[in-house]
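Student: Place chain D on chain C using the hints.
Protein chains: 2
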Amino acid sequence: MTQNSFDPKAFRTALGTFTTGVTIITAQAADGTPVGITANSFNSVSLDPPMVLWSLAKTANSLPVFTESKHWNVHVLSVEQEALSGRFASRGEDKFAGLTLDDGITNAPLLPGSTARFQCRTAFMHDGGDHIIFIGEVLGFDQSDLPPLVFQSGQYALAARKPREEVRLTQSEPPPECSYTEDLLGYLLGRAHFQMVNRLKGLLDEQKLAQEQFFILSVLCIRDRMTLSEINEYIAYTGYSVDENDMQVLTDGGHVVIEQDRYRMTADGREASLHQIAHAKAIEEELVEALGQGDAMALKLLLKRLIERTDPGLPDLWAVSS
Amino acid sequence: MTQNSFDPKAFRTALGTFTTGVTIITAQAADGTPVGITANSFNSVSLDPPMVLWSLAKTANSLPVFTESKHWNVHVLSVEQEALSGRFASRGEDKFAGLTLDDGITNAPLLPGSTARFQCRTAFMHDGGDHIIFIGEVLGFDQSDLPPLVFQSGQYALAARKPREEVRLTQSEPPPECSYTEDLLGYLLGRAHFQMVNRLKGLLDEQKLAQEQFFILSVLCIRDRMTLSEINEYIAYTGYSVDENDMQVLTDGGHVVIEQDRYRMTADGREASLHQIAHAKAIEEELVEALGQGDAMALKLLLKRLIERTDPGLPDLWAVSS
Numbered sequence: 004m005t006q007n008s009f010d011p012k013a014f015r016t017a018l019g020t021f022t023t024g025v026t027i028i029t030a031q032a033a034d035g036t037p038v039g040i041t042a043n044s045f046n047s048v049s050l051d052p053p054m055v056l057w058s059l060a061k062t063a064n065s066l067p068v069f070t071e072s073k074h075w076n077v078h079v080l081s082v083e084q085e086a087l088s089g090r091f092a093s094r095g096e097d098k099f100a101g102l103t104l105d106d107g108i109t110n111a112p113l114l115p116g117s118t119a120r121f122q123c124r125t126a127f128m129h130d131g132g133d134h135i136i137f138i139g140e141v142l143g144f145d146q147s148d149l150p151p152l153v154f155q156s157g158q159y160a161l162a163a164r165k166p167r168e169e170v171r172l173t174q175s176e177p178p179p180e181c182s183y184t185e186d187l188l189g190y191l192l193g194r195a196h197f198q199m200v201n202r203l204k205g206l207l208d209e210q211k212l213a214q215e216q217f218f219i220l221s222v223l224c225i226r227d228r229m230t231l232s233e234i235n236e237y238i239a240y241t242g243y244s245v246d247e248n249d250m251q252v253l254t255d256g257g258h259v260v261i262e263q264d265r266y267r268m269t270a271d272g273r274e275a276s277l278h279q280i281a282h283a284k285a286i287e288e289e290l291v292e293a294l295g296q297g298d299a300m301a302l303k304l305l306l307k308r309l310i311e312r313t314d315p316g317l318p319d320l321w322a323v324s325s
Numbered sequence: 004m005t006q007n008s009f010d011p012k013a014f015r016t017a018l019g020t021f022t023t024g025v026t027i028i029t030a031q032a033a034d035g036t037p038v039g040i041t042a043n044s045f046n047s048v049s050l051d052p053p054m055v056l057w058s059l060a061k062t063a064n065s066l067p068v069f070t071e072s073k074h075w076n077v078h079v080l081s082v083e084q085e086a087l088s089g090r091f092a093s094r095g096e097d098k099f100a101g102l103t104l105d106d107g108i109t110n111a112p113l114l115p116g117s118t119a120r121f122q123c124r125t126a127f128m129h130d131g132g133d134h135i136i137f138i139g140e141v142l143g144f145d146q147s148d149l150p151p152l153v154f155q156s157g158q159y160a161l162a163a164r165k166p167r168e169e170v171r172l173t174q175s176e177p178p179p180e181c182s183y184t185e186d187l188l189g190y191l192l193g194r195a196h197f198q199m200v201n202r203l204k205g206l207l208d209e210q211k212l213a214q215e216q217f218f219i220l221s222v223l224c225i226r227d228r229m230t231l232s233e234i235n236e237y238i239a240y241t242g243y244s245v246d247e248n249d250m251q252v253l254t255d256g257g258h259v260v261i262e263q264d265r266y267r268m269t270a271d272g273r274e275a276s277l278h279q280i281a282h283a284k285a286i287e288e289e290l291v292e293a294l295g296q297g298d299a300m301a302l303k304l305l306l307k308r309l310i311e312r313t314d315p316g317l318p319d320l321w322a323v324s325s
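In order, the protein sequences belong to chains C and D. In case it helps, this note's numbering puts the first sequence at residues 4 to 325. In case it helps, this note's numbering puts the second sequence at residues 4 to 325.
A portion of the hints provided could be inaccurate.
For identical chains, the list gives no copy identity; a pair is met inside one copy or between any two copies.
[Said to hold, decoys possible] Restricting the straight-line Cα-Cα distance to at most 20 Å, the calculated cross-link-like pairs of lysine to aspartate or glutamate (EDC-like) are:
1) 307 - 288
2) 12 - 133
3) 307 - 287
4) 73 - 130
5) 12 - 148
6) 98 - 83
7) 307 - 319
8) 73 - 140
9) 284 - 180
10) 98 - 85
11) 211 - 271
12) 12 - 145
13) 204 - 274
14) 204 - 311
15) 12 - 140
16) 284 - 311
Simulated from the structure, these hints should not be mistaken for laboratory data.
Okay, chain C solo, but in the shape it has when bound:
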């Protein structure tokens, strides 16, 4: 499968499988104009003395500034800087418009909001084919808690960290006659969901409400004054279907009132629902803490993509009602 002919596209694709972070590298021209480019060719070189490197295309407009300027700053971009990455990757003029700069050690522009920053002085420049390799001595650096943006095979990504030990929920293999393993996505989704629901259950018990009532209140919280059949339209995807008896629990509890076949949430009902949401958010915060912010973002992103792919065409609960 070795390719000796250098189809540039195939070569670029193969190189792209090497995952990288994304950086913006900035410098100041002699006339004071700030320049900056998005680069993923950054890497560390030396700890002592502290040195890093990156490379820039010989055809880049900003090449003269970077070769003449003694100083440049590397910004390891955070997940919140994807738009900035796009802006500095384009040939647009006003890349720094609207950006507030931090004070740096040198005159090179220092952008806020990154995961890490390295303020450098050019140590060497080397020829690297159609690029120039810049090797810099690091004069100063800093780091934030923001999860870093990742780039792989031409796409932005988030990193889902792998613990040193493989995560296994059971230590045993399934019996040979049954291939139902803990690795089945359906099982993992179900168990993760049920364990979340169980964490909410204590509150629902206190509120003397079952899961059905939780679903109803959640739906009414977003979209009030619905008939029973409308409520069921939005709940149908859960496999649950609610009836007048389920609603009766809520009217008896003072959570909803019925007005001309439509159920309306009372102030008490809204309070109960907001209490549930606050509880769900508290559970979530605890989990984000445990998983790490980057991993939690990755999980949500992947769940949304999964939901998109398996959506049977559910009505949009949040859509403005007609």
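Tutor: Using the frame of chain C, we list chain D on its own:
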């Protein structure tokens, strides 16, 4: 927050926020001995001529071999090569033990199972502080479909790719009086789970079974001959509780028989259960195809970590029964 004093540990930590792939770089000593090291300092340099670079500590045992040998191979490791990464990162002697090598263009060892490989000839070597920077001309390359291994902040990781457009399930914001958004992890887990269940529902309808029976058969498939209360122990986490009526559906359907208070699966019952598992696996394969293998692995990994963190102490269904 800028640090000017170079605490080497803080500097290394800041550098580590720049995500990278993981490579193994190999060469052959003059006496024929193969050498190889794990490196994440790899990066692309030039497309025309095709060039890549990486750097090696001046203290590395293998430095003389790499400086004397004209040729070396870069292997961009796949997620399946994490153990190999560990092996080549250590100072152990017999790194190549048990490995079958592929035939390469040069005499440098060529390992199988990588995401991409680059066979190179040294073009330049440059001083880089405590490292030597190797710049190589790429003589040949190849690529597989295996998702690449990722390294970030001292941990292995998987990449969860972000589509160009933000994934949004709804185009609308929730009303101001309700903060229940599509971004709530509990909602995403629930919806993802229910949508998976709904995909299985067609088969269950055909089999004239409800979700309760699906749970019972799944449990008996892994661990047969249980009493009703034992079955309920394993189902409890779903929030469902089954009774004799639910079991009656299965005995009537010929799926289980009861023997001294214990339920045993019949051949028909096992067949129905295996059919369900096969169906669940087919749904999963479709989703893995849609998400990509790497993203599917990342999703499973994150779900397992979430389940671990929220596990109320469920009995291990797969554990060998006493």
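Student: Indicate, hint by hint, whether the structure satisfies it.
Tutor: Against the structure, the hints:
1. 307 - 288: both (19 Å within a copy, 18 Å between copies)
2. 12 - 133: within (16 Å within a copy, 35 Å between copies)
3. 307 - 287: For residue 307 and residue 287, the Cα distance is within 20 Å both inside one copy (16 Å) and across copies (16 Å).
4. 73 - 130: Result: close both inside a copy and across copies, 17 Å intra and 19 Å inter.
5. 12 - 148: between (36 Å within a copy, 16 Å between copies)
6. 98 - 83: within (17 Å within a copy, 41 Å between copies)
7. 307 - 319: Classified as within; 14 Å inside a copy, 29 Å across copies.
8. 73 - 140: within (11 Å within a copy, 29 Å between copies)
9. 284 - 180: Result: close only across copies, 16 Å inter versus 41 Å intra.
10. 98 - 85: This pair counts as within: shortest intra-copy Cα distance 14 Å, inter-copy 40 Å.
11. 211 - 271: within (14 Å within a copy, 41 Å between copies)
12. 12 - 145: between (36 Å within a copy, 13 Å between copies)
13. 204 - 274: within (17 Å within a copy, 35 Å between copies)
14. 204 - 311: Intra 28 Å, inter 19 Å, cutoff 20 Å: inter-copy only.
15. 12 - 140: Close across copies (17 Å), not inside one copy (33 Å); limit 20 Å.
16. 284 - 311: Only across copies: residue 284 and residue 311 sit 19 Å apart there, 23 Å inside one copy, limit 20 Å.
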